Every structure is written in C-alpha cells, then in structure tokens.
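Novice: Sequence:
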Amino acid sequence: MRGRAYGITDLGKKRPKNEDFFAMDPSIGLFIVADGLGGRMSGDKASYEATQTFIEKLKNLIGYYNDPKLILESAFKEASKRAYEISNSDEYYGAMTTFTALFLYKSKFYIVHVGDTRVYLLRANRFFVQLTEDDTQAQILVKKKALSPKEAEVHPSKHVLTKALGHKPLVRPKLYIGNVMNGDKFLLCSDGLYIYFSNDELKEIIKKYKPKEAIEILIKLANDRGGEDNITAIVVEIMKSDSSIFGQIKAFLEVAFKK
Numbered sequence: 001m002r003g004r005a006y007g008i009t010d011l012g013k014k015r016p017k018n019e020d021f022f023a024m025d026p027s028i029g030l031f032i033v034a035d036g037l038g039g040r041m042s043g044d045k046a047s048y049e050a051t052q053t054f055i056e057k058l059k060n061l062i063g064y065y066n067d068p069k070l071i072l073e074s075a076f077k078e079a080s081k082r083a084y085e086i087s088n089s090d091e092y093y094g095a096m097t098t099f100t101a102l103f104l105y106k107s108k109f110y111i112v113h114v115g116d117t118r119v120y121l122l123r124a125n126r127f128f129v130q131l132t133e134d135d136t137q138a139q140i141l142v143k144k145k146a147l148s149p150k151e152a153e154v155h156p157s158k159h160v161l162t163k164a165l166g167h168k169p170l171v172r173p174k175l176y177i178g179n180v181m182n183g184d185k186f187l188l189c190s191d192g193l194y195i196y197f198s199n200d201e202l203k204e205i206i207k208k209y210k211p212k213e214a215i216e217i218l219i220k221l222a223n224d225r226g227g228e229d230n231i232t233a234i235v236v237e238i239m240k241s242d243s244s245i246f247g248q249i250k251a252f253l254e255v256a257f258k259k
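For the sequence shown, position 249 (counting from the first letter as 1) is numbered 249 according to our numbering, and the numbering increases by one without interruption.
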C-alpha cells in the first residue's frame, strides 16, 4: 500500500493552550487524532499519553499477531488504562481525551474511536461520508429520532461527550472496518475543524487538493471563521492499494506542528 499523508495541529484563535495531539506513522499505516479536555487545562497530557501508549503497545504486538482487531483492542485497552491513571492523578485530575485512530492493514482500513473526533472518507472523488459516529448527547437524540442530523449540528448538546478516555478504567470503543481502494482519501479531524464546514465544503477541498494543500486551506479557513477551539487534521491519500504483507506498507510523510 502506497500513499501520502499530511497533518497539522493549530492552537486556534481563542484557546490559551493546545490540548489536541496527533500522530502519524505511515510505515505501519497508523494515523491518530486525540482532543484533550478537562483537568484544569491539562487535557494535553491525556491526549499525549493515550496516543503514545497506544502506539507503543501496537508496535509491540505487530510482530506477534496477525489479527488487526486483536492488536487494536489490546493497544486501546492500554491507552484507556493510561488515560484513567492520568485523570485520577493529583496533578492532572479530571483530564480526559477523545481518541480516533485509523489503521491501514493490507487492503482494509480499521478505525478505533471514542469521542467526537471524526474520520471522513472520499472515494472515487464522488462519495464523501463520515465513517465515525460522535459519542455525544446530541447523537443519542438523533438515534432516538428526537433530532435530525442537521438539527444536531447546532444543538446545545452537540459537544457534550458520552464517552472519553480517562472517564473510566476501561472504555469500550467503536470499531469500523472497510476495504481500501485506490484513490481513497481519509480526513481525520478534531471538532475545532469540522464545526466550520459543511460536508460539501470538506468534500470539495479534499477532492481538489493534495493532502498538504488541503490541510493548510482547512486550517486557515477554520481560523478565519472563528478559530474557537484547537484545530487538528490529517489527510491520508491512498496511491495504490494491494494485499501486500503488513511490513511492506510504504508511504511518505510530511508533518507540520503549529502550537
């Protein structure tokens, strides 16, 4: 599998501190966005520690197991435990984080997800879908048909999380699995980005530009439209998908950190 990826995290215009964190390791097909919150402005500790713990555990398991679901579940379990330790420490009490990871394995994608960070997929430059479901009070109302998806986007409870790492020792994530096709583009982002865009806008920008240019445009527009929160996004473009073994995944990586 060959492709290219680009990611940025940006402070935004209103927050004194960046509590988002993202990580990319195309050599193993892994891309993560985590949005920290709570704990007297120490959500950055939760997002960082959960992500690093997940990556470390996943890398340790790759050489022993060929089951990506088992690898992801085990790595997520360790990340959940670590986030709970942080949240219950004196220094970072109450710190929590969302967590969304995209894992490319052979010809499939796997997403492990908790919170309201999102993954979108653009396929064949035509079909643009949100792959993840937000863990929010508003989404619960949508599922109960008390709100329409459009109404949920402006509802007061749209950012009230029902799940986050750090809340409990073990949090059960959602797992999404699908096939990867040539030309697929994935967008991972925190709510600080997607609140400023319609799906049609996101689709057109991701469709028109390469990952680096698309991300830079999205970050600039999010700031121009308010920049109320930290803004983090990754775009992953699949150049060639095949069934090569895991260790043969190839990609090139461009990363920009803006604090």
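Any given hint could turn out to be false.
Heads up, simulated EDC-like pairs for lysine to aspartate or glutamate below, C-alpha to C-alpha not over 16 Å straight-line [stated by the list, open to error]: (1) Lys59 with Glu78; (2) Lys14 with Glu228; (3) Lys203 with Asp184; (4) Lys150 with Glu133; (5) Lys143 with Glu153; (6) Lys57 with Asp67; (7) Lys203 with Glu213; (8) Lys210 with Glu228.
Here are the in silico distance ranges between beta carbons for each label pair [as the list claims (entries may be wrong)]: (9) Ser107 with Ala146: 36 to 42 Å; (10) Tyr93 with Arg172: 38 to 44 Å; (11) Lys220 with Asn88: 24 to 30 Å; (12) Lys145 with Ser107: 33 to 39 Å; (13) Lys143 with Lys240: 33 to 39 Å; (14) Ala124 with Ile217: 18 to 24 Å; (15) Lys150 with Lys108: 15 to 21 Å.
None of these hints come from the bench; they were simulated from the model. Note that the structure is a prediction, hence the values are computed from the model and not measured. Glycine included, C-beta positions come from ideal geometry on N, C-alpha and C.
Novice: Check each numbered hint from earlier against the structure, then list the numbers of those it violates in ascending order.
Specialist: 8, 10, 11 and 15
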